[in-house]
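Peer 1: Sequence:
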Amino acid sequence: MTELNKVDASATVTNEPAKKTEDASLWADAWRSLRRNPWFITSAVLLLILITMALFPQLFTDQDPRHCPLDRSRQEPSAEHWFGTDIQGCDYYSRVIYGARNSIAIGLIVAFSCLGIAIVMGLVAGYFRGWVDAVLGRLTDLVFAIPYILGALVFLNVIETRGVREVAFVLVIFGWPTMTRLMRGSVLSVTGQEYVLAAKALGAKNINIMRRHILPNALGPVVGYTAIYTGIVIGAEATLTFLGVGLQLPAISWGIQLNQAQGYITQLPHLLVFPMIFVGLTVFSFMIMGEALRDAIDPKSKKR
Numbered sequence: 009m010t011e012l013n014k015v016d017a018s019a020t021v022t023n024e025p026a027k028k029t030e031d032a033s034l035w036a037d038a039w040r041s042l043r044r045n046p047w048f049i050t051s052a053v054l055l056l057i058l059i060t061m062a063l064f065p066q067l068f069t070d071q072d073p074r075h076c077p078l079d080r081s082r083q084e085p086s087a088e089h090w091f092g093t094d095i096q097g098c099d100y101y102s103r104v105i106y107g108a109r110n111s112i113a114i115g116l117i118v119a120f121s122c123l124g125i126a127i128v129m130g131l132v133a134g135y136f137r138g139w140v141d142a143v144l145g146r147l148t149d150l151v152f153a154i155p156y157i158l159g160a161l162v163f164l165n166v167i168e169t170r171g172v173r174e175v176a177f178v179l180v181i182f183g184w185p186t187m188t189r190l191m192r193g194s195v196l197s198v199t200g201q202e203y204v205l206a207a208k209a210l211g212a213k214n215i216n217i218m219r220r221h222i223l224p225n226a227l228g229p230v231v232g233y234t235a236i237y238t239g240i241v242i243g244a245e246a247t248l249t250f251l252g253v254g255l256q257l258p259a260i261s262w263g264i265q266l267n268q269a270q271g272y273i274t275q276l277p278h279l280l281v282f283p284m285i286f287v288g289l290t291v292f293s294f295m296i297m298g299e300a301l302r303d304a305i306d307p308k309s310k311k312r
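Residue numbers (this note's numbering): 9 to 312.
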């Protein structure tokens with residue numbers, strides 16, 4: 009019996025470097041695939057510009073977005089004011105640039121918060137199955153049954169002060185089920201693999217099996233969807249703010265600009281066009297990035 013244990017331990021030690029090499033090879037292969045994907049390069053460049061704009065807006069404009077003299081109200085785009093001015097006389101270009109921060113921040117906060125919830129719940133439900141999966145599954149179905157935009161609209165409508173944290177919190181409440189289902193399905197497809205069964209037979213602890221064997225191999229589809237979902241959230245925030253239940257003044261965001269421009273579509277169309285272009289570019293970039301990541305990281309997508 010002692011000799012058998014020695015053999016099992018030796019096999020575990022011997023297989024560990026091979027497993028690490030396999031994981032490293034998977035990520036290295038994914039990076040090589042991404043570098044050859046023109047859509048990934050395009051989306052990466054666009055997102056780099058947009059995120060830099062959100063973090064360091066002063067690099068893109070020296071105008072104060074809150075300096076709004078009424079004597080320059082409703083000006084058309086010109087050399088002095090590239091995007092014109094809004095109703096209050098604010099330089100619209102600077103408002104669009106500074107609006108990137110709140111819009112992108114909400115998208116990233118919600119997406120990564122949902123990713124954390126999905127990893128924990130999806131991993132536990134998919135690995136243990138049984139009553140654990142049943143309880144978590146019914147909880148997911150309960151939240152999933154509420155339409156995303158409708159649920160967020162109702163909850164945000166009763167909140168008096170709506171900042172980035174409040175809007176992000178409500179969107180997380182209704183946004184995690186889809187990603188959790190995706191993670192659970194990915195975990196289920198991995199738990200039946202031979203290397204997982206071998207680890208169980210060798211007596212490895214559940215937490216180690218989930219951390220070393222299941223999570224790295226089940227994470228691919230969820231990582232790709234996280235990038236896609238970031239774009240979805242940015243569009244949802246703009247939609248909710250446009251409807252008057254998202255961010256509030258004095259915050260600056262693309263959704264607020266769209267909300268304020270809805271009464272001047274025919275007279276001052278530039279007030280609607282410019283923030284809409286930036287929302288569209290941001291959503292497009294995150295979605296293309298997500299598809300590229302999914303195809304590069306998920307081995308199944310490469311076989312299709």
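It is possible that some hints are incorrect.
Stated by the list, open to error - Restraint ranges, calculated between C-beta atoms of paired labels, are given here:
id: 1; residue 1: Asn216; residue 2: Cys76; range: 33 to 43 Å
id: 2; residue 1: Asn216; residue 2: Val162; range: 16 to 26 Å
id: 3; residue 1: Gly193; residue 2: Ile167; range: 52 to 62 Å
id: 4; residue 1: Phe136; residue 2: Glu168; range: 38 to 48 Å
id: 5; residue 1: Glu88; residue 2: Asp37; range: 35 to 45 Å
id: 6; residue 1: Cys76; residue 2: Val162; range: 48 to 58 Å
id: 7; residue 1: Phe64; residue 2: Phe177; range: 21 to 31 Å
id: 8; residue 1: Tyr272; residue 2: Gly171; range: 41 to 51 Å
id: 9; residue 1: Arg44; residue 2: Glu168; range: 26 to 36 Å
id: 10; residue 1: Ile154; residue 2: Gly271; range: 25 to 35 Å
id: 11; residue 1: Phe64; residue 2: Phe136; range: 24 to 34 Å
id: 12; residue 1: Phe64; residue 2: Pro224; range: 45 to 55 Å
id: 13; residue 1: Val281; residue 2: Asp72; range: 20 to 30 Å
Since the hints were derived computationally from the structure, they do not count as laboratory data. If you're wondering where the values come from, they're calculated on a predicted model, not measured in any experiment. Heads up, the beta-carbon is just placed ideally off N, CA and C, and yes, glycines get one too.
Peer 1: State the violated hints by number, sorted upward, taking the hints as numbered earlier in the document.
Peer 2: 1, 2, 3, 5, 6, 8, 9, 11, 12
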